[in-house]
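Trainee: Residues per chain, in single letters:
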Amino acid sequence: MNGLLATINPGLVLILAGMLAAVIPVQRVRQGLALLAPVIATALLLAAPRETDLASLSMMGFDMVLYRVDSLSFIFGLAFLIAAFINAVYALHQDSQFEDTMGLTYMGAAVAAAFCGDFISLFVFWELTAITSVFLIFRSGTQAAYKAGMRYLGLHILSGVLLLFGAMQIYFDTGDMSIRALELGNPGVLLVFLAFGIKAGFPFLHTWIADAYPKATVVGTVILSAFTTKLAIYALARTFAGEQSLVWIGAIMTIYPVFFAVVENDLRKVLSFSLNNQLGFMVCAIGVGTPLALNGAAAHAFCHIMYKSLLFMSMGAVLYRTGTAKATELGGLFRTMPWTTVFCLIGAASISAFPLFSGFVSKSLTMSAVAGGAFLIPWLMLLFASAGVLEHSGIKIPYFAFFGHDSGKRPKEAPFNMLVAMGLAAFICIAVGLPAFFPGFGFNWLYSILPFANDPYTVRYEPYTGDHILTQMQLLVLAIFAFALLQRLGAYPPEKRGIIIDTDIIYRKAGYGLATWAGLVWTKVGPAMSGVFGGLSARTFSRLEAAFSPRGTLASGGLFNGMAIWTAVLLGLALLIAFFIR
Amino acid sequence: MMDWILQIAPAFAEAHAPALLILLPMLAGPIAAFLPGGGRVAWIMTVVVTGLCTLLSLILLAQVRSIEGGAIISYAMGGWAPPHGIEFRIDALNVLILLLVSVIAFLTSIFGWPTIKAEIADGKRAMFFGAFQVCFMGLLGVAATGDAFNLFVFLELSSIATYVLVALGSGRDRRALPAAINYLLMGTIGASFYVVGVGFLYAATGTLNMADLAVQLQDVGGNRAVQVGFAFILVGLGLKAAMFPLHQWLPNAYSYSPSFVTAFLAATATKVAIYAMVRFLFSVFSLDFAFEGMSLALILAPMGIAAMLACSFQAIFQADIRRTLAYSSVAQVGYMLLGISLGTAAGVSAGMFHLVNHALMKGALFMAVAGAVLTYQGTRIHDFAGLGRRAPWTMTAFAIAGLSLIGVPLTAGFQSKFALVSALLESGWWWAALLVVFSSVLAVIYMGRILEAVFFRAPANPHKEHGEAPLLILVPLWILAIANIWVGVDGGFVYGLATDAAEALFIGGAS
Numbered sequence: 001m002n003g004l005l006a007t008i009n010p011g012l013v014l015i016l017a018g019m020l021a022a023v024i025p026v027q028r029v030r031q032g033l034a035l036l037a038p039v040i041a042t043a044l045l046l047a048a049p050r051e052t053d054l055a056s057l058s059m060m061g062f063d064m065v066l067y068r069v070d071s072l073s074f075i076f077g078l079a080f081l082i083a084a085f086i087n088a089v090y091a092l093h094q095d096s097q098f099e100d101t102m103g104l105t106y107m108g109a110a111v112a113a114a115f116c117g118d119f120i121s122l123f124v125f126w127e128l129t130a131i132t133s134v135f136l137i138f139r140s141g142t143q144a145a146y147k148a149g150m151r152y153l154g155l156h157i158l159s160g161v162l163l164l165f166g167a168m169q170i171y172f173d174t175g176d177m178s179i180r181a182l183e184l185g186n187p188g189v190l191l192v193f194l195a196f197g198i199k200a201g202f203p204f205l206h207t208w209i210a211d212a213y214p215k216a217t218v219v220g221t222v223i224l225s226a227f228t229t230k231l232a233i234y235a236l237a238r239t240f241a242g243e244q245s246l247v248w249i250g251a252i253m254t255i256y257p258v259f260f261a262v263v264e265n266d267l268r269k270v271l272s273f274s275l276n277n278q279l280g281f282m283v284c285a286i287g288v289g290t291p292l293a294l295n296g297a298a299a300h301a302f303c304h305i306m307y308k309s310l311l312f313m314s315m316g317a318v319l320y321r322t323g324t325a326k327a328t329e330l331g332g333l334f335r336t337m338p339w340t341t342v343f344c345l346i347g348a349a350s351i352s353a354f355p356l357f358s359g360f361v362s363k364s365l366t367m368s369a370v371a372g373g374a375f376l377i378p379w380l381m382l383l384f385a386s387a388g389v390l391e392h393s394g395i396k397i398p399y400f401a402f403f404g405h406d407s408g409k410r411p412k413e414a415p416f417n418m419l420v421a422m423g424l425a426a427f428i429c430i431a432v433g434l435p436a437f438f439p440g441f442g443f444n445w446l447y448s449i450l451p452f453a454n455d456p457y458t459v460r461y462e463p464y465t466g467d468h469i470l471t472q473m474q475l476l477v478l479a480i481f482a483f484a485l486l487q488r489l490g491a492y493p494p495e496k497r498g499i500i501i502d503t504d505i506i507y508r509k510a511g512y513g514l515a516t517w518a519g520l521v522w523t524k525v526g527p528a529m530s531g532v533f534g535g536l537s538a539r540t541f542s543r544l545e546a547a548f549s550p551r552g553t554l555a556s557g558g559l560f561n562g563m564a565i566w567t568a569v570l571l572g573l574a575l576l577i578a579f580f581i582r
Numbered sequence: 001m002m003d004w005i006l007q008i009a010p011a012f013a014e015a016h017a018p019a020l021l022i023l024l025p026m027l028a029g030p031i032a033a034f035l036p037g038g039g040r041v042a043w044i045m046t047v048v049v050t051g052l053c054t055l056l057s058l059i060l061l062a063q064v065r066s067i068e069g070g071a072i073i074s075y076a077m078g079g080w081a082p083p084h085g086i087e088f089r090i091d092a093l094n095v096l097i098l099l100l101v102s103v104i105a106f107l108t109s110i111f112g113w114p115t116i117k118a119e120i121a122d123g124k125r126a127m128f129f130g131a132f133q134v135c136f137m138g139l140l141g142v143a144a145t146g147d148a149f150n151l152f153v154f155l156e157l158s159s160i161a162t163y164v165l166v167a168l169g170s171g172r173d174r175r176a177l178p179a180a181i182n183y184l185l186m187g188t189i190g191a192s193f194y195v196v197g198v199g200f201l202y203a204a205t206g207t208l209n210m211a212d213l214a215v216q217l218q219d220v221g222g223n224r225a226v227q228v229g230f231a232f233i234l235v236g237l238g239l240k241a242a243m244f245p246l247h248q249w250l251p252n253a254y255s256y257s258p259s260f261v262t263a264f265l266a267a268t269a270t271k272v273a274i275y276a277m278v279r280f281l282f283s284v285f286s287l288d289f290a291f292e293g294m295s296l297a298l299i300l301a302p303m304g305i306a307a308m309l310a311c312s313f314q315a316i317f318q319a320d321i322r323r324t325l326a327y328s329s330v331a332q333v334g335y336m337l338l339g340i341s342l343g344t345a346a347g348v349s350a351g352m353f354h355l356v357n358h359a360l361m362k363g364a365l366f367m368a369v370a371g372a373v374l375t376y377q378g379t380r381i382h383d384f385a386g387l388g389r390r391a392p393w394t395m396t397a398f399a400i401a402g403l404s405l406i407g408v409p410l411t412a413g414f415q416s417k418f419a420l421v422s423a424l425l426e427s428g429w430w431w432a433a434l435l436v437v438f439s440s441v442l443a444v445i446y447m448g449r450i451l452e453a454v455f456f457r458a459p460a461n462p463h464k465e466h467g468e469a470p471l472l473i474l475v476p477l478w479i480l481a482i483a484n485i486w487v488g489v490d491g492g493f494v495y496g497l498a499t500d501a502a503e504a505l506f507i508g509g510a511s
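Line order of the protein sequences matches chains A and B. With full-length UniProt numbering, letter number 99 in the first sequence gets 99, and the count goes up by one each step, no holes. With full-length UniProt numbering, letter number 252 in the second sequence gets 252, and the count goes up by one each step, no holes.
Source of the hints: derived by calculation from the structure; they are not laboratory data.
Taking lysine to any residue pairs in the SDA-like style, the calculated list, with each CA pair at most 20 Å apart, reads:
no., chain 1, residue 1, chain 2, residue 2
1, A, Lys147, B, Ala385
2, A, Lys147, B, Arg457
3, A, Lys147, B, Ile445
4, A, Lys412, A, Gln94
5, A, Lys147, B, Leu451
6, A, Lys147, B, Ala458
7, A, Lys147, B, Gly448
8, A, Lys147, B, Val441
Chain B extracted, bound-state conformation (with noise of 0.2 Å):
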């Protein structure tokens, strides 16, 4: 079905797909930074980049799809051979993952300008999409890379982007100042946790490749520094991936930065560190070192459960509807914890499918409201009151995304969560699929609140009249939306791509 991807496109670029990938956004990063022109022209370029990096992706989709089962691709970085050399190695799982974050990143920058025209001053604007392409460059490396070390450079480099990224968000509120320091602390900590776990990997087994780590781990066992290193890693993952009880950098952070950014690390930056963590878990670790040796279900299942029931409780009592969403997406990362915590093709497919289907939701969800709050300020539950009238076309798209959310039939979000149970209950893990779907009427009273005060209460502030977000928010918004209900009503095409995802750990894994 993809081989007219691979006809149409050039052989150059085929032939270097995940290095071009990489480098674009590097190369352009840093020269948005100095162009002129308000950040009008860096705003184009950024758009570009992000285009032409989806169709990268969709290059490799098509060459990872060309073989039954998937192919693995690896490009070995400047011809040094793996494993010496660095290795990028693309399989069914992580061009998931890098389609994922190249599509939402050029869908929400084309969205971004008039948000970044209304809260970034002028001067800031092009080193703001600097920030954004490195960010963005960043969580591609993260994706692509198969070697342990270069995976951590890729995460900091795509941190220390977001940090200046959250903490651009002061022009709007102050408080995105703190939120950064915070998340700068926090995610050092992870950071340095990942890579002390690196460390030990080294010393026990001397190689940084992941392919060749899986295969000397095999050899070295359960050895002590191999167990200390697997869980530092584990929790230095964790931290970046919002795993319950590390999750409490997020909600400022989604809060308080720019809209744009909101909607951009709220569909990707978690859900790579999600990667990551799986990546680990199963191909550098095998399955049963880490759920046998490790007892990891142990350690998942809980923290997965406890973010998708306590975190539903504290969206349901914010007063901001960033907050709420933010809380949210804390324990929708509880869903897919809970779906790799099975240890299982299905349990894995099941989280993958849901991390994909959460970020068409939760891109919609932000996008939309950073359109409502272009035109209307404020961003508590009490000044969308009466929005549906005001705008329909904006709000509709809030609606269905927030359905998706609850997990209404017709939407991805019940396709994710129906995996999710089948999953649990194929491993009769029936009580945590019970706890699924109480934590889904959770999700019911949270949305259901904003929905309630968006078409059906008066309006807060009668004085604003007619007001939709304009059609550089609505085009991207509704492509969203739209993929939600499709995802919803077919659900085939991403969830074969999340089940190969799956398969891959499972049957080819890294080794």
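Chain A extracted, bound-state conformation (with noise of 0.2 Å):
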């Protein structure tokens, strides 16, 4: 393969085809682009060299290094290559010239971030998935999507201020910018563990997932779900290998969305809080370490991308056809939507690790990694979560919006592109769930392009053992059974439409001074900041401006005896610390 080739980041392809979409008016060109770029770029990857550093640069003093494939990159890379093309046939059927260009970018910024071998190019590539995303939420033109847009960045461009700062800490410590595995304990490292956790959905530091997902656009939902997370899971992955903390961070997360998503109207914010819960079984691999786990968490995030981006098309399906994703008014739709319910049982049956389909052969790998760890507590919180997780993401979507009461509403068959798209990431599902009936084949074809496909454990790891089935049958078998039992008897929570309150309430309430400044509810200042916290920050609000404004003090007082005054002050003070101060 040409030289010059191989050391082209994957990620600038598609980078460069959204700057190529900004300037092409051409609907059918624009797309044929977004089509085109993963292909090129996934053909790129196959052919790129491992363990090298591809493309370096040295740019201030700092060795950067643009492009370095290995085993563990080239798992997430190539799942967001493939999400990415999954993503260009599914927003094919409309016109949207910055949602191209918007959606080009993040995912090829997502791809060249997973790619990079240090942190600068990293924080970089972090930034742009960022400030591009959010313009996916702000798409959708309502209010909420509005705020909720502004909060989403406010919080991804902390978590890249902190990575940048960590990274430039541990630079001064240790003179090395390359990523690898970090310590926890430096305060550098520390402020790196925060910013991926902010990515990730650590606890407490999760909620805008929940917030902002649901509120984009039907095709931007399905694109914001397989990157921006998976991309700080990698991170993890590759920094934070056995920090024994994560296994109890892990754990928590996959518990707590689990309530949230029970009792959640909206199906897509559903999806969202189930997007989290998924994410713990993969930091908690990430804790345990082992080669086993690593593999486990890896593959999770493979198959993960899949069959969630298959959830959310199908409820951006119904949304797009109904304009509604709300549990209350679905129901019934089987009727007229055939194959998206098909597509989306598929994707239930994955992500509830059904035998057959792709989730059964990645959460086995987690879950006996885990066990194999000795980490009992966690492991039955993760075995109550899986419970949690065919509850909401494997029942409740496909029977609230197909099945469950008739709402009445009879809307078209989603559009063929759509179809097409959900088709494609269904197939996937169920290829690589699939036994190896013959070798390469089925789970053995993911199980070789593992991180650690070496692994004497993974070589030896056979997911389709009467025993793994029979445990994971019986789980199934029971959260379905109280399923329908909570439904006839009626104890089930009914589909309520409501608010749940999460715990960013507190730092929404609080925060919301700060965020007040930031200009945006900037003239409704008064009658929303109700309440303490609300009262709080406007007093600290009118201080600031009694100080700052135009009208403040620091700007008053007679511009010309103010500055006189000051430089005679200045002058003094210059000759005091000269005089005095040795």
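Please dock the two separately framed chains into a single complex, following the hints provided.
Mentor: Next up, the structure:
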């Protein structure tokens, strides 16, 4: 292969396509580009040699590695590129130059970030994902989306700043900017950990997921769901594998979204909570840190990107056709949207880890690794969460949307391109979940591209044993039975409209003052600031305004007088320091 | 890399580049003031002169960079040898400033014509260009001269011309007159402080040549007169550089002067004063004297930090875009001072790097604002609502420069803030680094407010239709916007210049 081509980070292909899309007004040309770019990028990736710095750059004294492939980044990059292609198909029905541009650049930035070898370039692409993705949220045009987008942007910019700052601290401590395994303890490392934690949806830092994702556009949510969080998982796997605290963080992450998801009404929001819960499995596996566990995390990320996209796509199709994704307003859609229903069910079966579907072969790796690492309580938590996943993603989503009480809605089947995209994702969900009827196919293929494909435990690992299948089926059958029973008795939380109060309510209220300065809710300061926190920040605000506004103290006092005095004061100060401080 | 410039340049220009650089605008300015033709001829002449000066600066740059580590070009005016005659002394530090001033002057003069036509009365235009050239000449002189008193002369020349230029904004907004008077009074105080300081130094050493001063001061040591002179010079130049809290002349002067003047001054005037300050702190006074004897960091660092915090807050609360940008300028000066106050090569080079980048972004921002004001009137943020759709080219350039001001990756602002933060961390000032990051968040807020209005809000004035700024504005504007991205993607060249400049101070000095 041509030497020059081998040095091009596949992400840059997508970013370039995004930039071209910004100036190409013809819808079909743009979309052709969006389809072509991931294919070219995948070809580049497949041809790239492993474990060497393919492109590096020395800037301002820092050595930056722009492109480096190894088996860990390979599987994440490949999953991203497949998702990018599917997303391009899914977006074919709409003509939105803006969304095409931002989506392509965002996806490209995520791919490029996965192949960076140093913290500076990682930071650049890290921020690029944040800045471009927020427009996918804004794009849906509602006031709620705008505000959620701003909160999203704030947190993600913060994450980037923490990353940069932490990385620089690390650099000045060790003189090394490369992305490598780090030990918690040093403050710089802690900041990096926190930066990753924000994007990975750690407990208390997770709220942006369920806040922003459901408010994005139909296509936007599908795009968003695949990249940002998985990029963080990749970064964690790269730097903090084996960090014990992650086991507990991950386990907690799997639990609490279950409760929110069960009572939530907006089905896309249910999926967002479930996304958070799935991330917990991966984080937990990274915390265990054995090769088997890291394989589990990577496999899970790969499968998760596919089935989560599939579920978001099916809900997107429903939203596109009916104008709502609220459980209360849906039901009985299977009559007119049979294909979407089937694809949704495949996605649901995958996420619930039914045998023969992708979730089964990936989640069992994680579960075995956690059990093997002798983490009993986290393992039980994961087990409970698995049942919860089935409850809200496996049953609730398809049941309330397509079956359940008949809403009387008779929408058309989803547009053809959406069906194709869902079909592709569904195909992958099944293809990697099947037993290896032929060597190299089914789950064998997935296991062969894992980061530690030669790990003896993984090589010997066989998901389709009677034991595994039986355990999993017991779990699934029991959960289904529980759902059916509760539903029959009327004890299942009914579909209700309402707002769930998550932990973010604390800092959303307290941080409101800050958000107001952001000039976003500029004029609404007074009325919006009700309650204790509101009163506090309003007072702070007025103090700040009193000091800094054009009529404030700092600007007053007769320009000339004030300044002349200041000049004298400063001279005096300089002399005092010169004479007395030695 | 720059050898080809030396090969094609005429020998005459090479031999006398420092003198020609000053002489051209000095002679052309008074002539331009009396040219007929409603200012058009004077304008063309200004463009030609600033263009020639840019070429001369490039020649000087090539000459300085022809030697590894940077040559020092000493040019004796009229053949009178220094230290008694006036010496022009060009090294890696001030060649950067000369190039910056002349490039910005060239670009702004191209851009200026449409705004001048709209804002200045027919009969005053030729005079305006005359004054502009004198101001330009003064700034070049400050940067080029190696004589402390000569520096004062050039500083006053440029300042007096600036007062005139600011006052000419009264055609558009009457508040330009009090702004000019205030600036005049304050500027005069600053200049007098400077000249008093130079007087003290002269009394202590008996020389005015900077290089000679540096040598003599080594012998004199920590004399009281020298200390007092130092304090006076610091405060005097600090005022010219808009060092917090001596910045209060700046917001009014920038908001009410003609658009052309704002764009030019914002990118050059304070920069030249900062250069002069750096020249005195590091070359004339030694590093030991300034930082150990005078505890300079105790003044510069708090003032720099106060500027970047307080003025960023003030920028947030402004309703007028030009005022927002003006306060932001003071805040940016704070970054530069903070870098300089470190007293390390990394700190000074970060400061100089930010100085250049700030000129690129503020120049672009004020040009874009001028372009929009030309078509849509009104400088309040409210007036800019929805312009993103009406004037996409102008406003995209504005947005690029705005992102650069915030310090978004892949823009110039990121590179220099990054350099600043590295320099701070290298010296262990992590708290200051955190404050830099925090004030960048404030920048996100004040620029975000404007960008949000420009791109996401409905147009304030639905009757005005599509109207891009004229091509004469768009071309220089986009040159600066692209420069912002170029430096952001590949900062090597400019950063190299800034590092050389800092090295020149720390290794060679003026001695």
